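Peer 1: Sequences listed follow chains A and B, in order.
Take 1 as the starting number for the first sequence in the numbering used here and just add one per residue.
Take 1001 as the starting number for the second sequence in the numbering used here and just add one per residue.
Hints may contain errors.
Unchecked claim - With a cut-off of at most 35 Å between alpha-carbon atoms, the simulated DSBU-like pairs for lysine-lysine come out as follows:
(1) B/K1099 / A/K249
(2) B/K1313 / B/K1249
(3) B/K1480 / B/K1428
(4) A/K343 / B/K1261
(5) A/K295 / B/K1313
(6) B/K1033 / A/K50
(7) A/K313 / A/K369
Unchecked claim - Here chain A is said to cover these stretches of chain B; the calculated rule only asks that three of the stretch's residues, wherever they fall, bring their Cβ under 8 Å from a Cβ of chain A:
(8) 1010–1024
(9) 1150–1158
(10) 1293–1304
(11) 1419–1427
Please keep in mind that the hints were generated in silico from the structure rather than gathered at the bench.
These numbers come from a predicted model, not from an experiment.
A virtual CB, placed ideally from N, CA and C, is assigned to each residue, including glycine.
Protein chains: 2
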Amino acid sequence: MAQESIAKRSEDYARWYTDVITKAELADYSPVKGCMVIRPYGFAIWERMKEALDRRIKETGHENAYFPLFIPKSFLAREAAHVEGFAKECAIVTHSRLKVEDGALVVDPESALEEELVIRPTSETIMYAMFAKWIQSYRDLPLLINQWANVVRWEMRTRLFLRTAEFLWQEGHTAHETAEESEAEVRTALSIYREFMEGHMAMPVLTGRKSDAERFAGALHTYSCEALMQNGWALQAGTSHNLGQNFAKAFNVQFQGRDAKIEHVWQTSWGVSTRLVGGLVMTHSDDNGLVLPPKLAPIEAVVVPIYKTDAEKERIHAEARAIEGELAAASIRARSDLRENYKPGWKYFHWEGKGVPVRLEIGPKDIEKGTVLSVRRDTGEKRPLPRAGVAPAVREMLDAIQAALFEKARKFRDEMTADVSDYGEFSKIVEERGGFLRSPWCGRAACEEKVKAETKATVRSLPIDPAPPPEKPCVACGEKAAHSAVFARAY
Amino acid sequence: MAQESIAKRSEDYARWYTDVITKAELADYSPVKGCMVIRPYGFAIWERMKEALDRRIKETGHENAYFPLFIPKSFLAREAAHVEGFAKECAIVTHSRLKVEDGALVVDPESALEEELVIRPTSETIMYAMFAKWIQSYRDLPLLINQWANVVRWEMRTRLFLRTAEFLWQEGHTAHETAEESEAEVRTALSIYREFMEGHMAMPVLTGRKSDAERFAGALHTYSCEALMQNGWALQAGTSHNLGQNFAKAFNVQFQGRDAKIEHVWQTSWGVSTRLVGGLVMTHSDDNGLVLPPKLAPIEAVVVPIYKTDAEKERIHAEARAIEGELAAASIRARSDLRENYKPGWKYFHWEGKGVPVRLEIGPKDIEKGTVLSVRRDTGEKRPLPRAGVAPAVREMLDAIQAALFEKARKFRDEMTADVSDYGEFSKIVEERGGFLRSPWCGRAACEEKVKAETKATVRSLPIDPAPPPEKPCVACGEKAAHSAVFARAY
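Bound-form chain A, shown alone (with noise of 0.2 Å):
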């Protein structure tokens, strides 16, 4: 088995990214246009974050449902923002039957629908046609829905995990009594997604608002994530709306409240999806594969024995078995690597493609010192642990590489955040290097198209809560700034 080499992040980035995930086998191109297979080692780690995630949700009291994958073309109508944003690139079933003819399988024409159905890009319009019937007094809200479910929106330019037709994501969809209640709602999202990916992730994000013309497509406000990958791009790694009462109107989300008057429900929906995955990849991979944050990673040990003879083999062996038992009992996820077609030099190279975060070799040299050696992926740091009491040494470790995986990030971000006032230096800095960059902006769409045209860095995010605006005129226009607004060139 012959293993995949992996270009430079200096020399190509885009290439790098793919053969990242190619070598630790995350996912795979299908022969569907524009959708992706999540392999195994790719799905054992979206569970992982699934996980975490959903233990959140639910600690915060939303509960999980499914509704239907079918949004018939009249409910996706009812919001004009909505419609507008979305009916361009969505997938239509308009037929339920093949038939052969002449040979050859073709669509039954009198099979054809009595209306045309979307498969879901995003369930509003689904959920709130069944939130109108299921709610009727204030007694029923909050109502706070969760779902775990494959959307589509038909993009053709593929990029593993991060833009894909076909994608999985949670979807957040909650209705409330008030405008305070909704705008409490979409706020406490926003920290759950930031907790998940600051501590889980070890990826560091800036929470903002979004522009105008970044907002969802029937929302007041977006809320969003915004994690600075190594290339100096950022991506939009999570979203929270502020719907306002817009989709209640329109799906007539009416309830008697304390005073007996009929009013409609304020409501929020926010998502995250397997694009997480990609944002993953690209915070902390090297040039040598993947690396992943141990919160995340399926395995987070392996242990490889190294000998010569097959006395020491079968030694050797029982020795690896029991450290990968003794880290097992300490819930630790360990894998002993006791396959005897490969070397072990073969072994470091796989387990480092893909991102295990402590690798321990087990030798006869070893044992007769009572020891086992550690390498970190993240440093490539080699240390001999005591052999005794090698369950709480690696815990050690792994917290370790937790913290400094978010450490170096953060670093990372922070120096590849820059105030810029002037556009000469906004454009330089967008051109030659990326990241972050706060410059005053007077909230003009033409100001925020010019910046997109000539730099193609977009509004990234403003301050949540309002904010004097800063001294120094708009970066674009000269004219008066009325945020201090982060731009950068975005995934």
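The hints should help you fit chain B onto chain A, whose structure is shown.
Peer 2: Only chain B this time, still in chain A's reference frame:
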């Protein structure tokens, strides 16, 4: 909030089934024809099922992955029997864009796809196209993949959980070196299902082989778990298919064997779906609503406070919360219902409808006596428990309920299973009470069809391993019998 009433099983079984689901808020009809919404309480049951099954699937060496929702039409066509089985009821995506024309939202004809895509009715074809890429050598085998996903089979006769156009399921797909290994895998899957259905769902099942007419489209053999519902109808609760080399040949899934020769792999696929929730409902529920086995109950015990005065309220609420805490500390999923706008009687009725296995009532007199009154959902039996040590007592009750539900269902199934060799008696039993009829069958499709046409009963199950044929002649034609077959009317 008014509570739904439930039809009696003896008067209108189909209505009873729907009423139980509606009252428990497990699911709801959606505005999309053929599709349902799984509500939070129903989804929580499915999540518990999924968790238990997923654990066993992983313990037996399978890994989860995710493949595209879309199947190119030409893929479906590659295996002749397979396309025959699914072409007539599938959702077909033909376009990728909507546009506004004369004020109406219409499908943009210019967005027609080059090749139509079928929403997966099952994933053999899309998965095996990838298997062909991943498998080269015997070292890559066995490949043991599982997927949790939504699938679509165009069905317009909706029966909540039992028959819906879209449903959720798990599909195992494996590839092996030899025919013996794939046959062993098919039986492993079947035993995982049986253990789960009997051990968790408390639903006894008959495992067996399907007749040719009931076999999966494209398989050599199909094995199934058949359960008996309270109306005497069978429910096919899970299937496991030995695919032989049919799909391997259609998709060129080949490997270099130990002898260096190139061969086709031997494959299996197996699945269970949200249909299981329907089976769970129909196995245990009664005229008062849902009855759940503790292992799958989202809430195992509910605490209802009883009081008259405000002073009592405070004390009793504190006590109810304390009990809830003690149960939770003992890993019992417990909830105290402290809502003040509902009376205790309303709450009893409410939680009964939701199938909560144990209800605990606590009032001032109970506190005086140092007891808590327990009520079993399955039998209605009331028994005071000692307040001190309430948690172990409830745990014991839950275990007893889990065992009693299985025993009751097993007894019912056994009583409803008859050995019949006379066709007149056969028809009479099928018509009058249903159940499983074990009868000699010649093995010919003509007899199977005749029985089905005349009695609506079908062959549910044949012995898995070769057994001596019954001495008595075929129940339908009087010729020599080949099998002892189990017949029943089925969902």
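Peer 1: Please go over all the hints and tell whether each is borne out by the structure.
Peer 2: How the hints compare with the structure:
Restraint check for B/K1099 and A/K249: the C-alpha separation of about 23 Å stays at or below 35 Å, so the hint holds. At roughly 72 Å between alpha-carbon atoms, B/K1313 and B/K1249 are farther apart than 35 Å, so this suggested pair is violated. The suggested pairing of B/K1480 with B/K1428 holds, with an alpha-carbon distance near 23 Å, which does not exceed 35 Å. Using a Cα cut-off of 35 Å, the hinted pair A/K343 and B/K1261 holds, with the two alpha carbons roughly 26 Å apart.
With a C-alpha separation of about 45 Å, the suggested pair A/K295 and B/K1313 falls outside the 35 Å cut-off, and the hint is violated. Taking the CA atoms of B/K1033 and A/K50, the gap is about 30 Å. The hint holds against a cut of 35 Å. About 18 Å separates the Cα atoms of A/K313 and A/K369, which keeps this hinted pair within 35 Å; it holds. With 0 residues carrying a beta carbon less than 8 Å from a beta carbon of chain A, the segment 1010–1024 of chain B misses the three-residue requirement, and the given coverage is violated.
Residues of the segment 1150–1158 of chain B lying with their CB closer than 8 Å to a CB of chain A number 3, which satisfies the three-residue condition for coverage. Counting residues of the segment 1293–1304 of chain B whose C-beta lies closer than 8 Å to any C-beta of chain A gives 0; at least three are required, and the coverage claim is violated. Figure legend: the segment 1419–1427 of chain B, annotated as covered by chain A; annotation inconsistent (0 residues with Cβ-Cβ distances under 8 Å, at least 3 required).
The structure shown violates the earlier hints numbered 2, 5, 8, 10 and 11.
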